[in-house]
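From first to last, the protein sequence lines stand for chains S and Z.
In terms of the working numbering, the first sequence is residues 6 to 396.
In terms of the working numbering, the second sequence is residues 177 to 425.
By construction, these hints were calculated from the structure, which means they are not laboratory data.
Treat the hints with care, as some may be off.
Derived DEER-like restraints, expressed as beta-carbon distance ranges [claimed, not checked]:
#	chain 1	residue 1	chain 2	residue 2	range
1	Z	207	S	104	49 to 55 angstroms
2	S	370	Z	180	32 to 38 angstroms
3	Z	378	S	291	47 to 53 angstroms
4	S	295	Z	365	29 to 35 angstroms
5	Z	383	S	36	56 to 62 angstroms
6	Z	366	S	104	52 to 58 angstroms
Everything numeric in this text was worked out from a predicted model, so none of it was measured.
Just so you know, even glycine gets a beta-carbon here, dropped at the ideal spot from N, CA and C.
In case you want the letters, here they are:
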Amino acid sequence: MHSLENRYGDDKVYDACGLIGIMDVSGERFSGHDIVTGITQMEERGNGLGAGFAVYGCYPEYADCYAFHVMFTEPDSKSQVEAFLNENFVLVHDEEVPHRIFPELPNPPLIWRYFLHANEKRVVEEKDGDELEYVVDKVMALNTSGIGAYIYGSGKDTGVFKGVGHPSQIAEYFDIEAYEGYLWTAHARFPTNTPGWWGGAHPFTLLDWTVVHNGEISSYGANRRYLEMQGYHCTMQTDTEVMAYAADFLMRRHNLPVEVAAKVMAPPLWAEIERMAPEDQALARTLRQVYSGLLINGPFTIILARQGEMIGLTDRIRLRPLTAAAHGDRLYLSSEEAPIRLVSPELDWVWTPVGGQPVVGRLGELIEPPAGATLSVQVPVYACAMQSVGV
Amino acid sequence: MGEPALQIDAGGVHYKDLNAQLRQAVADGARRVDLYNIFGQRYIGTDLHQPVEIHIHGTPGNDLACFLDGPRVVVHGNGQDGCGNTMNGGEVIIHGRAGDATGYSMRGGKIFIRDDVGYRVAIHMKEYESKRPTIVIGGTAQHFLGEYMAGGVLVVLGLTLRPGERHTANFVGTGMHGGVMYIRGELEDYQLGKEVGQVPIEEQDHALLRELVEEYAIHFGRDAGDILSQPFTKLIPLSSRPYGRLYAY
């Protein structure tokens, strides 16, 4: 049993997933050093069966291109994928995603990235000019084709790097610290009841949406069926995938603000709804009726991001941890406070978000901690002059 | 014999090694240990049974002082989740805030937190004969405070609330079936779990509150008289077996 659960056999104590996100709301780009430091500090929360990073603003030279990150689980599928891409897109540049030679990571798949524009004529023919719908369609078509290739990143100026390993290993494999962006998220995985494979590592994505998640979605079946009726197909064998598609459906296709989408995914309890003012009650009831298929049940914390926005959300009774903190233009979201302190010993605010209420960072908007957030205790960092005495 | 007081630079040290160092230091006769550069190491102070003072400079990891049995642990910073998990004796004093499930299944000793706490604090705290665990929270608490609480004393002072601001915790004392809660300020009925009720404060309650608030005031340099001048709400369970008939039909 031990070897099945933990093939590294390293006497690891099992725990939950670890999440961290860092955003500079002024748009200043910074290297992957901080996010790697933060997620590596929480390596204890994962078990080596998955880790990953998302970064926004990392491909300035191809900023107006969709950056397709493609994993080939069947190496022969590459020519088929390229035929498909050439047919439907205009290729600007492509390359293997740079990586180190890393024998400790077993069987990494071939991973390629393609910078491309949509084929305008086809966008008009197939989707009446709706380019994002067109891209979603093509991603779903390739991922359900069964040829052994998966598009696991499809946003503009958005990098996604993930695989089976500890966060420090995946960071080293892809040389994460060499990238720069204004918004980063990261994940250390402890798979509960779905396989630890490269496609199953977090983040899960669609267009420029990325999501990292700690928890278990017990409503996965209901959510998946609802999303399939809307044209989204789950192919990554993991519950978290529905979060990315639900975000795209609610906030892009139905254009709901994040505060409203949060009330769909983590709706207020009926007892709370009954105490609301009449107009709030009407909205809450309507959302629960119209989008009942996207109520996310079970314990979860997610960090959801897209260009210009980072969102932290927990289930309505907060069965998974999330700490928020701010220092100047930087917003931090994390499963624990310690990794935030390690990256930024000085903080203006630290707070525990209320279940179901999103913490939102937006480009160009000041970070405002919610009412009730307590001023942070400053923790002095000591120069490493202390000696271990007498032990 | 080692030094009676010593300092450990815990930067980059795994909690297993750190706790091993602590055990050795205490076995060697240390009476006070200062830990520096603490970033998320878990279970600090577990498995120590001697009267030693451990000062933590930084942010200790989850389950700080779990199974603690005698030492005094002082945190110069914030605590994370599960502080004092199943703690049996001793003290935890946090000069900052603490996370979810603080005092989880605690069965003895005292925890003092200067500021706020997260969800489910004192969940399933319990008492037996002379062992009566105590938690004093200087600020306010989030939802499910004292969930399934089976014993002990839980005090919430609300000192971080601004004038006119109220405690916002809901589901306070859901499933509570033992022990007592004192909350400085008022709660609406809807904020309480179905298993608790408000009762008047009596003379023995005043005595207990005075003792605990004075202790809090000493730890964090506050004025106990000021704090005690405001009214408290007392909550006790309505039944010692709220779910006794849940599966009986």
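Against the structure, the hints:
no.: 1; hint: 207/Z - 104/S: 49 to 55 angstroms; in the structure: holds, 52 angstroms
no.: 2; hint: 370/S - 180/Z: 32 to 38 angstroms; in the structure: violated, 53 angstroms
no.: 3; hint: 378/Z - 291/S: 47 to 53 angstroms; in the structure: holds, 49 angstroms
no.: 4; hint: 295/S - 365/Z: 29 to 35 angstroms; in the structure: holds, 32 angstroms
no.: 5; hint: 383/Z - 36/S: 56 to 62 angstroms; in the structure: holds, 59 angstroms
no.: 6; hint: 366/Z - 104/S: 52 to 58 angstroms; in the structure: holds, 55 angstroms
Going through the hint list in order, the structure does not satisfy hint 2, though it satisfies all others.
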